[in-house]
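Work out the full structure, taking the sequences as your base and the hints as a guide.
The residues making up each chain are set out below.
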Amino acid sequence: MSQKIHIPKIPHAFFKWYCKKDRYEELHGDLEEFFYERVAESGPVKARLLYWRDVMRCCQPYAWKKPQGRLNSNIVMLKNYFKTSLRSMVRNPLSSFINVFGLAVAIGVCIVVYSMVQFSYSTDQFHEHKNEVFLTTFEADRDGTSTRYGFTPTPLGELLAQDFAQITKMARIKDEAVVVKQGENVFHETIRFTDSDFLDMLSFPLKWGDKSSLNDPNSIILSSDMAIKYFGETEPLGEEVLVKFSEERKKVFKVAGVAEAFPGAHAISFDFLINFENLRQADPDFSATNWAAFVQATLIQVDQASAIASIAAGMEKYRVLQNEVDNEWKITGFGFEPIASLHENSSTISGDISSDQADEILIGLPIMGIFMLALACFNYMNMAIGSATKRLKEIGVRKVIGASRNKVIFQFLAENVFVTFFALILGLFLTSTLFLPWFSEIAGAQLSLSLLNTDLWSFLIGILLLTGLVSGFYPALYISGFQVVKIFKGTVKFGKKNPIMKTFLGVQMILAFVFITMAVMFKQNSDFQAKRPWGYNQNGVLYVGVPDESAYDQLLAAMEQNPNVESVSGSGDHLGKSISSAVVSFADRSYDVQRMLIHANYFETLGIPMASGAIFNDQPGATKQVVVNELFVKNTLLDEPIGHLFKIDSTQYQIIGVAKDFHAFNFYYPMKPMVFQAAAKADYRFISMRVTSGSELAVYEDLKENWANLFPESPFQGGEQIDLWAKFYADLAQMKRFTRTVAFIAIMLAALGLYGLVTLNVSGRIKEFSIRKILGAGLLNISRSIGRQYLLLMVVALLLGAPLAYIMNIGLVKMMFAYPLPHGHWSVALAFVLLVFVMLMVIATQIKKVSRSNPAKGLRAE
Amino acid sequence: MGRSHLGEFEELVLLTVGVLYDDAYAVAITKEIANQSGRSVAVSAVHKSLYRLEEKGMLKSRLGEAESKRGGKRKRLFNITPFGKKAIDESMDLRVHLRNQISDLAFNWQAD
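Chains A and B are the protein sequences, given in the same order. All residue numbers for the first sequence refer to numbering that gives the first Met the number 0, where the first residue is 0 and numbers rise by one. All residue numbers for the second sequence refer to numbering that gives the first Met the number 0, where the first residue is 0 and numbers rise by one.
Derived by calculation from the structure, the hints in this document are not laboratory data.
Beta-carbon label-pair distances, calculated as ranges:
no.	chain 1	residue 1	chain 2	residue 2	range
1	A	79	B	18	45 to 53 Å
2	B	20	A	79	48 to 56 Å
3	A	52	B	65	19 to 27 Å
4	B	78	A	468	56 to 64 Å
5	B	65	A	472	57 to 65 Å
6	A	476	B	71	53 to 61 Å
Covered by chain B, per the in silico footprint, the following chain A stretches (three or more residues, Cβ under 8 Å):
no.	segment
7	20-32
8	51-65
Think of the CB as a built atom: it goes at the ideal place given N, C-alpha and C, for glycine as much as any other residue.
And the structure:
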């Protein structure tokens with residue numbers, strides 16, 4: 000027997016770890032005996048291996064340590080807590096339902112808020128080079144304020160790539176509206192001209208095909224959505240699509256790539272990608288060296304993110320170059336924005352390729368989430384203290400048997416975390432089935448709950464512990480503080496004077512006030528917005544988009560046959576569809592305004608009223624005359640607008656008329672100064688028609704039929720003017736529903752909180768009321784003695800709540816709507832009445848109960 | 000009734016404990032079963048059966064002497080209890096009884 004061979008350490012340690020102490024000697028003795036024998040027989044290597052195997056095989060229940068000792072009693076107690084909390088939940092189904100449901104709703108709201116905020120902050124963060132790829136921007140001074148723009152002069156990209164060694168890749172982006180035809184499918188689409196580096200700079204992996212095909216001017220790359228739209232699920236590589244840049248200019252492209260579906264949180268995307276050089280075919284006037292023409296975006300990628308500072312310092316010469324060419328619209332400097340922060344800052348960059356979430360969602364919703372959670376927590380606290388009356392004996396017995404105060408506190412906290420856990424499950428369920436789809440619709444973002452996301456789990460655990468401990472801590476402290484003797488003697492003074500509970504209730508009422516005001520104010524605001532006139536008569540107006548002049552002529556001729564068409568107008572822009580912009584220059588200053596290129600008939604057809612002056616006629620030569628709107632006059636501070644001169648693109652125009660202001664956009668946006676110019680007939684892209692009232696549908700059918708006969712190959716894009724705003728009205732209605740639901744939940748929670756508190760108070764004073772009644776107290780007396788202590792609370796809550804509710808809600812409405820309802824305080828008053836009514840009802844139920852109760856029963860105890 | 004069922008391997012272990020009277024401990028039992036039945040036996044399986052049989056009351060055990068070949072550790076020696084004997088006997092009886100009930104016809108393969 001060799002003395003040198005020892006038992007291998009690692010498996011031995013493992014064996015020691017799992018093996019029971021009292022069986023270790025005999026069991027390991029057996030293993031050792033085998034080991035030494037095997038060493039002698041077949042050598043140490045095999046013996047060690049077999050020892051390993053034996054240790055693993057012996058790892059069975061007969062050899063294991065049993066969990067024993069100190070852990071045991073805690074587990075037993077936890078089991079007991081679990082059982083008692085289940086029992087007390089079952090015994091008080093109403094209050095447990097209120098607790099669990101209230102918390103669930105609040106937690107659900109918080110989860111939605113979390114996923115929304117997370118969505119916003121993760122937008123466009125999937126790009127591998129997000130810190131090295133920059134969008135080129137420039138600053139320009141307009142109307143006295145400096146604005147940052149996201150588009151760039153066309154030649155800049157190429158010059159940057161030549162002049163700076165740090166720039167490794169560059170991609171210009173230009174989007175154009177085109178018609179895409181593939182087999183029977185014909186649609187209006189937006190196509191993106193870009194350089195071949197685009198797919199290297201931004202991480203849009205391809206499902207099929209090769210990135211480098213973007214080099215080939217005859218190739219086209221489709222997004223996943225577009226591939227499905229045109230080709231279904233089959234692989235479309237090598238298929239041909241026809242792209243019509245205009246009626247005369249078309250080109251056949253070969254599908255050379257299909258992108259993977261974009262991640263949900265993206266702001267930068269594309270439908271079709273083709274090589275930038277195709278612009279030469281699409282647009283005969285295109286010139287890569289024209290500083291007066293712009294591309295949507297110029298992206299550059301630098302070798303190191305820090306290199307951007309030195310590039311930014313060298314941008315001065317381009318500024319000079321740019322301002323020499325376009326001296327009407329001087330820019331003050333160029334800048335860069337990394338892709339990583341582009342989404343966040345998108346609202347400060349005008350006309351960039353990204354976009355961001357509306358502020359009201361990012362600010363308003365988290366506040367709402369916290370308020371809801373607070374409301375539910377306060378409710379829980381009051382309910383927990385209230386229901387403790389029924390569990391006093393239990394607490395007493397626990398204490399007598401030997402539970403320390405800490406144990407009782409622990410019990411109630413554990414119970415609370417347990418209840419919260421239920422609420423969390425229900426909340427998750429509510430979120431995934433109800434809230435998330437709903438909020439997604441409101442926010443217009445594809446939100447999703449990924450249960451694999453570890454951040455989400457830490458958030459959920461965080462919210463579980465926070466809610467559980469915060470809402471449970473005070474009740475636990477309060478309940479555990481009772482003296483056992485007093486509990487059994489029945490002399491616990493309970494809930495008679497408890498300032499903290501009253502504070503909870505007060506805060507709850509304030510929050511409920513805020514939410515009710517919100518509901519009322521949004522309802523009134525929605526009604527106000529719905530009634531708001533658009534400033535022109537959009538009833539009975541039909542519109543249709545046309546591709547070019549000849550199509551305009553043909554369709555016009557066909558539609559003029561229809562006796563129901565009262566007035567027809569062509570236009571280059573159309574309200575609700577497309578409005579262009581222009582820079583107007585006076586002798587000393589420039590303004591950014593909106594511009595509509597129209598036929599003189601447009602005012603009549605759309606019913607835009609004139610304030611003063613005349614409408615330009617459509618005679619040649621009269622095209623230098625323009626109409627402006629009232630806001631234009633107001634902003635430019637013209638005293639005598641008629642006859643005034645200004646320049647657009649170095650051409651002089653004269654104002655001959657002023658139109659009344661009207662809404663060219665929905666009411667989220669303010670009206671803007673506008674110039675109406677006569678359009679050349681070749682620029683007509685829309686036909687608008689006023690039809691006799693009641694015949695809208697018939698004319699619409701006729702229009703569609705004519706279109707199908709004349710242009711079977713082109714998609715029809717037209718409809719009733721009023722339908723252009725259908726989504727806006729649907730939005731308003733949805734907001735109304737949403738705030739109403741929130742307010743309903745809030746008032747329910749607050750009412751239940753009050754109910755719990757009053758019930759508690761009344762049951763603690765049952766003897767007092769009985770004596771009062773015996774001595775002849777009437778309903779009035781009892782009402783007074785119950786109501787007195789809540790009166791002050793309600794007055795304080797309402798006095799604090801009113802201004803808070805007003806400021807918060809009017810702020811929210813003002814943030815969302817350019818023209819909020821003018822008399823917001825009426826909403827507060829209405830909410831006030833509603834809240835007081837509900838609160839009085841709740842108190843009245845208890846007064847009724849007391850006044851009907853038999854005083855003999857109340858006094859019979861002991 | 001209290002009559003516990005004996006598993007096949009348990010029965011083997013129980014019998015072997017009897018065979019190895021006074022020197023029946025896990026290693027010896029493992030080797031004995033391996034020798035007599037010709038199958039490979041894991042010591043952990045023997046352990047498991049021994050402790051189970053002791054729990055059922057068919058075996059009793061005591062600690063033996065420390066030995067150097069075991070790294071100075073004592074071994075646990077097992078003995079059959081009367082209840083153990085009864086279990087073996089009942090099991091054997093059952094088998095013999097069943098065996099005797101098989102008619103010769105069942106073994107008459109020539110007829111096929």
